[in-house]
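Each of the two chains sits in its own frame; use the hints to bring them together as a complex.
As you go down the protein sequences, you meet chains P and A in turn. Residue 45 in numbering that gives the first Met the number 0 sits at position 46 of the first sequence, and the numbers go up by one each step. Residue 60 in numbering that gives the first Met the number 0 sits at position 61 of the second sequence, and the numbers go up by one each step.
Please note: incorrect hints may appear among the correct ones.
[Said to hold, decoys possible] Simulated crosslink set (BS3-like; lysine-lysine; CA at most 30 Å straight-line):
1) P:Lys76 with A:Lys62
2) P:Lys173 with A:Lys62
3) P:Lys173 with P:Lys76
Think of the hints as simulated: they come from the structure by calculation, not from any bench.
Here is what each chain is made of, one letter per residue.
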Amino acid sequence: MWRGSVGRRCAFLTLPPVSASPSTTDFARQVETLRPQLMRFARTQLRNDAWAEDAVSDTLLAALEKPQSFGGQSQLKTWLVGILKHKVVDQLRRHTREATVLVGEDGEDLDEQIFLPDGHFRDMPQDWGSPESAFGQRQFFEVLEACMDHLPPAQGRVFMMREWLELETDEICKELQISSTNLWVMLHRARLRLRECLQLHWFGAAGTR
Amino acid sequence: MSYWVRKLYRVYRMPMWPRRTCRQVTELVLRQEDQALPWHERVAVRLHMQICAACPRFVQQVKFMRQAMGRWRSYSEGDGA
Chain P
0 MWRGSVGRRC AFLTLPPVSA SPSTTDFARQ VETLRPQLMR FARTQLRNDA
50 WAEDAVSDTL LAALEKPQSF GGQSQLKTWL VGILKHKVVD QLRRHTREAT
100 VLVGEDGEDL DEQIFLPDGH FRDMPQDWGS PESAFGQRQF FEVLEACMDH
150 LPPAQGRVFM MREWLELETD EICKELQISS TNLWVMLHRA RLRLRECLQL
200 HWFGAAGTR
Chain A
0 MSYWVRKLYR VYRMPMWPRR TCRQVTELVL RQEDQALPWH ERVAVRLHMQ
50 ICAACPRFVQ QVKFMRQAMG RWRSYSEGDG A
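Isolated chain A (complex conformation) (with noise of 0.2 Å):
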């Protein structure tokens, strides 16, 4: 798979392709949270992540306060606070 992704980036690394920045690959992030992306936005992120330190760190920041607040839900509608 990783090899595929590679060999895809390849060809997005050519000149024509326009480019995500971390800041547009953010925003596609926090926008998944609440709708579903079209397929060459999914791509876009997916290749970004390959060469990317700080956007699998952001991944998993919002990933980290996806769960916090469903753990937040069920802890102060429940016997919690």
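Isolated chain P (complex conformation) (with noise of 0.2 Å):
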């Protein structure tokens, strides 16, 4: 596609070219400004910098190249997020290869820590309590994108397209071309890896507090 190729060619531009009328000019420095918010969006989903340069790239230059495609109905970062979610779903379709190495990845077995041989828990899980109170918590959801980043990065990865770009599972065994098995097992981890995290981290925390 001849956009993705102009995308990356204007990667280390500030600011796409665009026609100088006051209104244009305006509206690219409104979508200049949410530059570093989509950066962080596409870093926590691809956990590869240039990746994610290439397709905020690409994402504001399809943004600025048609303007008139936002309606105003909604904020102007949500619909920046919408494009910048297919402009993602491209880059890793670009670097399936590299997207799902398991480069010495999680050789630690977490259920060997959780669980005794026998199969019960080594330690009671813990109530949680009401998500409300935590949700409240500015905190709580830096903890939670925290945890998400520590992920390893396959894992982080496939965690992602599904929680935030919400594809199906077998969109995206199609996408990285990986095995249905080796998805559910790499869910797995990260959801237990998750989980643990929260514990530690708020609940653990919060029990002290």
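What follows is the structure, given as structure tokens:
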């Protein structure tokens, strides 16, 4: 696709070239101020700065090419995130081979740490109480984001594809060309890890507070 | 309902049926997040929940995480962050 290649050539520019009528430059400035936030999303999903840079540049370029398709009925950020999701999938598709390589990742078996050999829990799972009290707090989402960022890259990618891009599991298998068994294992581990991380850094800390 | 579950459990406890451990049940519970389970697995999970104190807690935690991810999506893509 020609648009992809243009996006990459323009990746080093801070502002993609646009015609200089006052309304479009204003729009461009607004779009540009959202770049750091888009970068953070892309980085969380892709776990690779170069790919994230490409995805965000493609997004901004697409947005500036067609400002008229932004109806204004939703927030600008929501609209841009919608475009970004498509560009992120494009990037994943382009880098399928590298995206699913498990470089010595997750050698330790998390199951072994949680369960006894006979299949019982080592420690009783803690009662996490009512979700509403946590969801009211900004720090909770910061902890959650940090936990997602600390997932091993391949696990993090599939987990984010499922939870942020909201793809169905068979779509993820198709995009990344992995078997469904492989995907189950990765999602299973990612979820167990996320649980451990929340237990340790949110509920563990909240207990002592 | 609980009466029938208990009654079923007595049948299920007969030595010919394989019994699920907590480890196997948590695996099924996590898989249920992405995929519908076949009926016999659902029954196995349900029955295990009747006799286990730890697994219902685990289910609650998984539910919590599901809700948290939903909230995070709207929080981070909306005006937050």
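Here is how each hint holds up against the structure:
no. : hint                  : in the structure
1   : P:Lys76 with A:Lys62  : holds, 28 Å
2   : P:Lys173 with A:Lys62 : holds, 27 Å
3   : P:Lys173 with P:Lys76 : holds, 29 Å
In summary, the structure agrees with every hint in the numbered list given earlier.
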